[in-house]
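Please construct the entire structure, taking both the sequences and the accompanying hints into account.
To convert, note that position 135 of the sequence shown is 135 in my numbering; the numbers rise steadily by one, no gaps.
Careful, some of the hints might be misleading.
[Claimed, not checked] Ranges of calculated distance between the beta carbons of each label pair, as one might list FRET restraints: (1) Lys95 - Thr15: 22 to 30 Å; (2) Lys52 - Asp178: 27 to 35 Å; (3) Pro10 - Lys146: 48 to 56 Å; (4) Asp24 - Ile104: 22 to 30 Å; (5) Lys22 - Lys95: 28 to 36 Å.
Note that these hints are calculated values from the structure, not bench results.
Positions of the beta carbon are idealized from the N, C-alpha and C atoms, including for glycine.
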Amino acid sequence: MGKFSLYNIPLRSLTEGKHEFKYDLNNKYFALIDDGTADIKRGNLKVVVSLKKTSTIFELNFDITGFVLVPCDRCLDDINMNVETKNKLVVKFGKEYSEESDEIVIIPEDDGEINIAWFLYEFIVLSLPAKRIHPPGTCNKTMSSKLNKHRAKSSSDEDSDEDDLDDIEIEDDSSLTDSRWDALKDVSIDED
Numbered sequence: 001m002g003k004f005s006l007y008n009i010p011l012r013s014l015t016e017g018k019h020e021f022k023y024d025l026n027n028k029y030f031a032l033i034d035d036g037t038a039d040i041k042r043g044n045l046k047v048v049v050s051l052k053k054t055s056t057i058f059e060l061n062f063d064i065t066g067f068v069l070v071p072c073d074r075c076l077d078d079i080n081m082n083v084e085t086k087n088k089l090v091v092k093f094g095k096e097y098s099e100e101s102d103e104i105v106i107i108p109e110d111d112g113e114i115n116i117a118w119f120l121y122e123f124i125v126l127s128l129p130a131k132r133i134h135p136p137g138t139c140n141k142t143m144s145s146k147l148n149k150h151r152a153k154s155s156s157d158e159d160s161d162e163d164d165l166d167d168i169e170i171e172d173d174s175s176l177t178d179s180r181w182d183a184l185k186d187v188s189i190d191e192d
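Shown next as structure tokens:
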């Protein structure tokens with residue numbers, strides 16, 4: 001038995017109609033899925049898979065709720081991120097495995113089952129925001145001060161002794177405009 005055999009759904013042996021599968025994803029699941037590059041190392045989620053089988057198509061609806069711990073993009077401390085996502089996957093039988101789209105998968109009829117372990121992980125990761133940072137003022141103060149010390153500063157920033165990156169505002173980009181283009185601001189465009 002493979003390390004993800006718990007997440008196999010035996011499609012061929014299911015009768016037509018609706019079926020439900022429940023999974024608890026915990027630290028053990030994330031340790032198994034981790035290939036050394038995974039963002040998520042720990043978490044606790046409940047998964048309900050509602051499967052509807054018709055004669056040739058299997059429609060899987062995933063309802064995933066819980067939380068995961070991921071590193072903060074700013075200070076690298078763990079941050080608790082809530083997960084609440086619903087996803088859909090349509091599975092068909094064919095000669096060989098292929099993913100026709102993000103939602104349609106063809107599996108070999110000889111196999112007769114699908115392993116959803118990696119699909120679950122993808123659904124979880126895709127539900128997280130692209131920028132994962134602590135709320136303002138809660139980042140690791142030591143790391144924030146080191147980042148502030150090494151960040152690029154303009155001449156107008158020299159007087160600032162700000163230690164917490166959470167309060168940094170991005171400056172208006174208009175001051176960064178190449179002066180050679182300023183002459184174009186005076187050009188009048190007559191539209192008829």
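Of all the hints given earlier, name the ones this structure violates by number, lowest first.
2
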